[in-house]
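J.: Listed below are the residues making up each chain.
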Amino acid sequence: MAPRRFAAVDVALSWLVRVWERMSPAALEHRVDTELREHREHLRADLERAGHSRAAARRLAEERLGDLALHRSASLEALGVAARRDSRGGDSVMSDLATETRLVGRSLWRSPGYSAMVVATLALGVAANAAIFGLLDAVLLRPLPYHEPERLVRVWGTWGTDLSSNSNPLDIADWSARSRSLEGLFGISGGAVTHAGADRPEQVAAHAVSSSWLEVLGVSPALGRSFTADEGAPGRSQVVLLEYGFWSQELGGDPHAVGRTLLLNGTPHTVVGVLPGGFPHPLGWQSPSLWRPLAFDPAKTSRGGHFLHVVGRLAPEASLGAAQAELDAITADLARQYPDTNAQIGARLESLRDGVVGDAQRTLWVLLVAVGLLLLVAALDVGALSLARQLERRHETAVRAALGASRWVLGRGVVLEGLLLGAAGGIVGLGLAGGAAAPVLRLGAQRLPWSEQARFDLRVGLFTVALALLAGLLLSLPAALRLVSPALRDFGARGRVRGASRLDARGALVVAQVALSLVLLSVATLVGQSLRDLLATDPGFLARDELTAQVTLPRIDYDTDSRLAFFQRLEERLEASAAIESVGLVNRLPLGGGHSCDSFTIAELPAPAPGQEECAEERVVTPGYFDALGLALLRGRVLEPSDRLDAVPVVVINEAMARRYWPDASPVGARFRWGGAQSTDPWREVVGVVGDVRHFGLTQEAQPEVYLPHAQVTYPSSFHAVLRSDDPGAALTILRAAVAELDPRLPIADVRTMRERIAGSVETERLRSGLLSVFSVAALLLTLLGLWGVVAFAAARRRREIGLRVALGARRAALLALMARQGMQLVLAGLALGLLGALAARRLVSGLLLGTETTDPASLAGACLLLVAAAAAAVLLPSLRALRVQPAVALRED
Amino acid sequence: MPPRPRKRNPEASSPPPAELLQGPLDLLVLGALVDGTEHGYGVARRIERKSADALRVEEGSLYPALYRLERQGLIASSPGRSENNRPARFYRLTALGRRQLHLRAQGWARFVEAVARSIRPATPATAGSASHGRRSES
Chain A
26 MAPRRFAAVD
36 VALSWLVRVW
46 ERMSPAALEH
56 RVDTELREHR
66 EHLRADLERA
76 GHSRAAARRL
86 AEERLGDLAL
96 HRSASLEALG
106 VAARRDSRGG
116 DSVMSDLATE
126 TRLVGRSLWR
136 SPGYSAMVVA
146 TLALGVAANA
156 AIFGLLDAVL
166 LRPLPYHEPE
176 RLVRVWGTWG
186 TDLSSNSNPL
196 DIADWSARSR
206 SLEGLFGISG
216 GAVTHAGADR
226 PEQVAAHAVS
236 SSWLEVLGVS
246 PALGRSFTAD
256 EGAPGRSQVV
266 LLEYGFWSQE
276 LGGDPHAVGR
286 TLLLNGTPHT
296 VVGVLPGGFP
306 HPLGWQSPSL
316 WRPLAFDPAK
326 TSRGGHFLHV
336 VGRLAPEASL
346 GAAQAELDAI
356 TADLARQYPD
366 TNAQIGARLE
376 SLRDGVVGDA
386 QRTLWVLLVA
396 VGLLLLVAAL
406 DVGALSLARQ
416 LERRHETAVR
426 AALGASRWVL
436 GRGVVLEGLL
446 LGAAGGIVGL
456 GLAGGAAAPV
466 LRLGAQRLPW
476 SEQARFDLRV
486 GLFTVALALL
496 AGLLLSLPAA
506 LRLVSPALRD
516 FGARGRVRGA
526 SRLDARGALV
536 VAQVALSLVL
546 LSVATLVGQS
556 LRDLLATDPG
566 FLARDELTAQ
576 VTLPRIDYDT
586 DSRLAFFQRL
596 EERLEASAAI
606 ESVGLVNRLP
616 LGGGHSCDSF
626 TIAELPAPAP
636 GQEECAEERV
646 VTPGYFDALG
656 LALLRGRVLE
666 PSDRLDAVPV
676 VVINEAMARR
686 YWPDASPVGA
696 RFRWGGAQST
706 DPWREVVGVV
716 GDVRHFGLTQ
726 EAQPEVYLPH
736 AQVTYPSSFH
746 AVLRSDDPGA
756 ALTILRAAVA
766 ELDPRLPIAD
776 VRTMRERIAG
786 SVETERLRSG
796 LLSVFSVAAL
806 LLTLLGLWGV
816 VAFAAARRRR
826 EIGLRVALGA
836 RRAALLALMA
846 RQGMQLVLAG
856 LALGLLGALA
866 ARRLVSGLLL
876 GTETTDPASL
886 AGACLLLVAA
896 AAAAVLLPSL
906 RALRVQPAVA
916 LRED
Chain B
36 MPPRPRKRNP
46 EASSPPPAEL
56 LQGPLDLLVL
66 GALVDGTEHG
76 YGVARRIERK
86 SADALRVEEG
96 SLYPALYRLE
106 RQGLIASSPG
116 RSENNRPARF
126 YRLTALGRRQ
136 LHLRAQGWAR
146 FVEAVARSIR
156 PATPATAGSA
166 SHGRRSES
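Chains as they are written, first to last, in the numbering used here: chain A, 26 to 919; chain B, 36 to 173.
Since the hints were derived computationally from the structure, they do not count as laboratory data.
Any given hint could turn out to be false.
Computed from the model, here is a short list of chain B residues facing chain A with C-beta under 10 Å [stated by the list, open to error]: (1) P99; (2) R134; (3) L138; (4) Q141.
Stretch by stretch, here's where chain B covers chain A in the computed footprint (C-beta under 8 Å, at least three residues) [to be verified]: (5) 63 to 73; (6) 90 to 98.
Backbone N, C-alpha and C fix where the C-beta goes; we use that ideal spot for every residue, glycine too.
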């Protein structure tokens with residue numbers, strides 16, 4: 026008995042060996058020789074053990090085996106192989122294969138048109154797959170370059186029903202101190218500073234982090250050190266870590282950068298270190314140029330402000346569930362300890378990857394499946410080509426079969442050919458993906474977290490090559506299976522094979538292609554429809570070419586009064602310009618992100634219970650803002666220039682707020698102030714209601730918002746100017762000139778039109794829709810190519826028949842219908858099959874789409890119509906060409 | 036040599052008449068494998084043992100028989116290692132082979148009986164009853 030191994034492995038191995046033996050005469054010879062040799066050895070050993078001398082044992086063994094040459098040739102005959110004169114077994118299997126590979130390669134070389142077509146088709150499909158896989162790998166699969174990244178977690182603050190909110194620095198410190206299953210926690214907040222650059226001041230992103238952040242991530246700086254604990258204290262925090270790119274560009278990669286001073290917001294900051302290249306932002310955001318310590322004074326910080334994003338590291342043995350349970354207990358304790366601020370505060374843990382990537386996971390998998398389907402369509406296309414090629418070579422095949430090549434050997438040749446073509450397609454596709462597809466994709470995918478980590482390396486390369494070989498195998502299967510099937514005898518018997526069955530095989534491939542294309546098309550139209558719906562959402566403002574740009578004043582040079590004076594003068598100058606229709610300033614732009622929710626009190630309504638306060642978003646605006654952005658006035662009035670510091674304090678609220686707190690009455694005249702019962706904020710009169718603005722994204726419902734006149738608040742140091750004009754370029758020039766005139770040191774940042782902002786807010790949706798469209802159109806084109814080939818082939822086969830019919834007076838229209846019918850039958854069969862797949866696929870992607878009916882029949886019908894129309898062209902054109910034949914010519918042929 | 040279509044079901048041509056029986060070697064091989072999986076050398080030893088050394092085949096001729104039976108689907112083989120850890124091929128009876136063994140054994144018995152009868156002096160009574168008995172049995 027054979028020693029027991031894993032049964033499944035055994036079965037698989039012996040199956041492979043058997044398949045191989047069937048396809049290789051050399052392997053069969055090897056088998057026979059081995060068995061006879063082993064038999065003799067076994068016999069000899071047994072005889073020796075029975076007491077015979079060595080020589081006697083050998084002689085006896087030979088005797089009992091009989092005429093070896095005779096048995097060998099009889100064995101081979103029994104196995105269906107003719108014995109070859111030269112056979113030494115062993116390595117002849119490999120040399121056999123090498124010879125055959127050379128032969129196949131040469132034959133491909135001799136038909137460059139076919140080979141190029143197949144390689145190009147496969148390369149396109151493979152390149153698209155490699156690019157998408159590279160992206161998915163970076164975002165979802167590849168471990169992040171942190172120490173043991175699987176232990177990192179995203180900690181979300183929860184506030185009542187809001188499960189993804191930010192957190193308070195004091196809370197974070199308490200969580201970190203009390204939790205034992207969390208090894209460390211750190212907070213991040215975004216932000217920007219003015220950097221006095223070489224030629225002109227510029228605003229650069231600078232994110233603030235708890236000083237322990239690099240220890241928690243387990244990353245060492247490339248140069249210098251991380252922040253020390255005391256650098257989190259106010260007054261000691263004028264230190265920065267540089268991002269690798271910023272270091273190499275702005276500081277010329279200075280190896281002695283540590284200790285140098287940068288002028289940020291007018292204050293000198295010391296460089297303490299440089300981060301390693303390719304350091305990913307822990308939250309998957311675009312990496313900032315600078316990292317600053319998060320400075321706060323525990324004594325002066327309230328527990329009410331929630332502005333930090335939190336990342337933590339699980340202790341080595343801790344599970345996510347245990348850490349969550351522990352954190353729940355800690356937040357419950359804190360809620361008892363600080364009922365005023367922490368009653369509704371909780372914390373929620375997710376693995377860092379899940380927490381950061383979120384919904385994008387599904388998008389990426391959908392894209393990978395879509396691009397896989399595209400490759401399948403491509404492989405089917407070249408499968409049909411390969412069938413046609415085998416048909417062309419039927420005489421050669423018949424001759425080889427007659428000379429004794431078994432059908433397994435013939436089939437093996439076809440498979441080898443497919444693998445060679447697949448390998449070539451893989452290599453070309455790899456170049457294509459690395460050179461063009463992946464970089465373009467990365468550019469489009471900047472909104473996806475960690476997409477900058479996408480690299481074209483061995484991993485992606487192996488994936489690509491494996492995929493290409495698989496595609497090669499797939500493409501050769503239809504032709505190989507037909508060769509292996511017993512019907513092959515037709516080759517030898519008639520020399521001329523019946524076309525019908527071959528057309529059936531190609532027809533089946535076309536049906537599959539049509540079905541797959543419909544699936545892709547229907548998903549692409551659905552996703553496209555959802556993008557159009559999204560863009561058709563009323564954002565609440567007139568999205569035109571208003572230019573928006575941010576101007577920030579350094580706090581050190583400007584106090585509240587001079588800030589007000591600066592922005593008032595800036596607005597006056599801009600208003601004076603004839604090219605600008607209207608001007609407004611706002612501290613937070615719609616779609617600009619960022620919460621600024623604060624609790625408030627309304628004099629006419631009962632005060633909420635402590636810990637149950639709700640919040641409203643604060644917008645500080647100049648009176649011109651409403652007109653510049655085109656907000657709808659629903660009640661009362663908007664803010665006026667007369668709403669100055671010495672006038673009655675007023676606010677304008679949005680519709681969402683009015684509906685929530687005054688569902689039946691008019692809010693105009695009501696009194697509002699920030700803060701709770703003990704607030705020192707003055708009462709402000711509600712003077713008007715304006716329409717809702719989708720501040721947090723087109724898919725997000727509006728939150729309650731309060732607009733305050735800029736003259737009646739503690740003045741912000743940063744404003745976005747909104748300039749309405751016919752020419753955004755001219756408006757930018759005017760803005761630059763106006764700012765430079767007032768203070769030449771000030772940078773202008775974040776310059777974009779509102780239209781661009783809307784487009785930017787749906788970038789991920791746009792990428793998804795764009796890629797799916799490209800894939801489905803490519804699949805459609807490949808399908809049309811396959812369809813065209815089948816119809817043209819059928820037409821060519823019927824040339825004589827057509828000529829005869831025309832000569833006998835058949836009407837061309839009737840003949841056209843006859844020929845088109847066959848092609849359209851394939852299309853309709855594919856359509857029917859594809860509809861089933863399309864319905865299932867649409868259900869699968871429905872989770873990606875907000876607000877679009879997934880059963881939306883219009884877009885499905887659209888996809889079907891497009892497919893049928895394109896297919897009709899691919900059927901009719903070759904048919905028409907065939908009909909143009911001169912009867913006399915066609916009849917004389919052959 | 037043009038490829039032959041494999042004959043998938045030898046059973047379809049129902050009980051072989053005694054005079055068309057293939058060589059007894061095939062039957063011996065099937066009979067040896069009915070006791071379980073074995074490699075070629077082991078098959079030779081089993082035949083020897085089961086026949087109590089009365090039958091000795093020319094051992095080299097086992098292999099064409101094994102291959103023929105394998106191609107007919109009566110036995111199947113898979114590569115493995117022998118008990119002294121040498122490369123070996125293990126053969127086993129397929130379900131089809133088991134049924135064939137049964138049929139062929141019956142055929143062989145009829146053949147032996149027919150031969151035995153044909154070399155005895157003719158006595159019509161015994162011949163008639165014997166053949167009648169067999170027919171009613173099947």
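J.: Are there hints from earlier that the structure breaks, and if so, what are their numbers?
T.: 2, 3, 4
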